[in-house]
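Engineer: Make the full structure from the sequences, and use the hints.
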Amino acid sequence: MPKKSVLLVKTSSLGDVVHALPAVNDAINEGFNVDWVVEESFADIARQHPGVGKVIPVAWRRWRKSLSANREEVRGFFKRLRESNYDQVIDSQGLIKSAVIAACARGPKAGFSHTSAREPWSAFFYAERYQVKKEGHAIDRQRELVSAVLGYECLGDWRSGIERAPTTGNQVFLLHGTTWTTKHWPEAMWIDLVQKLVRDGMRPLVTWGDEAEKVRAERLVAVGAKMIDRRPLDELIEILAVSALVVTVDSGLGHLAAALGVPTTGLYGATSGNLTGCRGVRANFLQGDTKCSPCVSKRCTRYVGPELVWQSVAVEPPCFASLTPEAVLRRSSELQ
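Residues 21 to 356 in this note's numbering are what the sequence shown lists, from first letter to last.
It is worth saying that the hints were derived from the structure and are not from the lab.
Take the hints with a grain of salt, since some may be wrong.
[Stated by the list, open to error] In silico lysine-lysine, BS3-like type, Cα no more than 27 Å apart, as pairs: (1) K216 with K203; (2) K117 with K154; (3) K234 with K318; (4) K117 with K318.
What you are looking at is a predicted structure, and each value in this text was computed from that prediction instead of being measured.
Structural biologist: So this is what it looks like as structure tokens:
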């Protein structure tokens, strides 16, 4: 009997795409052929899994700036999307844009119920809708949805399917860049961590994604880090994969490092390590211990209490006060 074919629609962001890998790996191990629609910027992540069939890049982030100027590309995407007739189409993104893509593919459609989807109206595009609790980790939610749609049990341990063999060496990748202000670990702590790593014979690397991150990276270079300039995602994957350790704030690259099986320590203050923390065969995280953490807020407005200080400097946001460089190194040593 031929394997059943599945089209997964999980387009973005970087972390969300990484969180879908264990569900994809489950389905492939259960005997399904899986193709994947993914934002072009993150297509290299889907291609990392040796069991994924066609990777169909979509460029919505670029196209939406001018649909008319990109109409030939848009037409070409939908033509490729409809080349195959699938036994099952699954939108595991739960957004209107992903539901529209799923609706245009050939095959029965399934996805989150309106109470489970990030955008409830997306559920009305599917023939089958599944309720998945919102409180679980993003990886667990993806696995639960896909296994329910495809009819197998989602049990026990999982793998991302892109893990690399452990490496030796002294390279430590420090992922200091992220989005919200409240996700940023204090720069003074990054500086101290770099100095401690250099003292211990390690080689800390930093990179950057925008000008603000570049300025911070340059200050870390000034105390001993090495700069890795901006480069394509496939090249960053190879650099991450040969690191002895990754220390990261809540960022997509941090989730990717964990999925690759690299020893990874995530630092979480405003966001929840239990819901979106780094997970992998050699990953752990530290969570801020103020009463308001995690607040899941882009601005620090909920902390009430005395000023929290580290090395005579006020810690901002305060939820990172307990996540000192010493604590990070202790936690990371558990991964070795």
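Engineer: For each hint, tell me whether it holds in the structure or not.
Structural biologist: Checked hints:
1. For the suggested pair K216 and K203, the alpha carbons sit about 22 Å apart, so the restraint of at most 27 Å is met.
2. Annotation: proposed proximity of K117 to K154 holds, straight-line Cα distance about 20 Å (limit 27 Å).
3. With a C-alpha separation of about 21 Å, the suggested pair K234 and K318 falls inside the 27 Å cut-off, and the hint holds.
4. At roughly 24 Å between alpha-carbon atoms, K117 and K318 fall within 27 Å of each other, so this suggested pair holds.
When the structure is compared with the earlier hints, no violation turns up for any of them.
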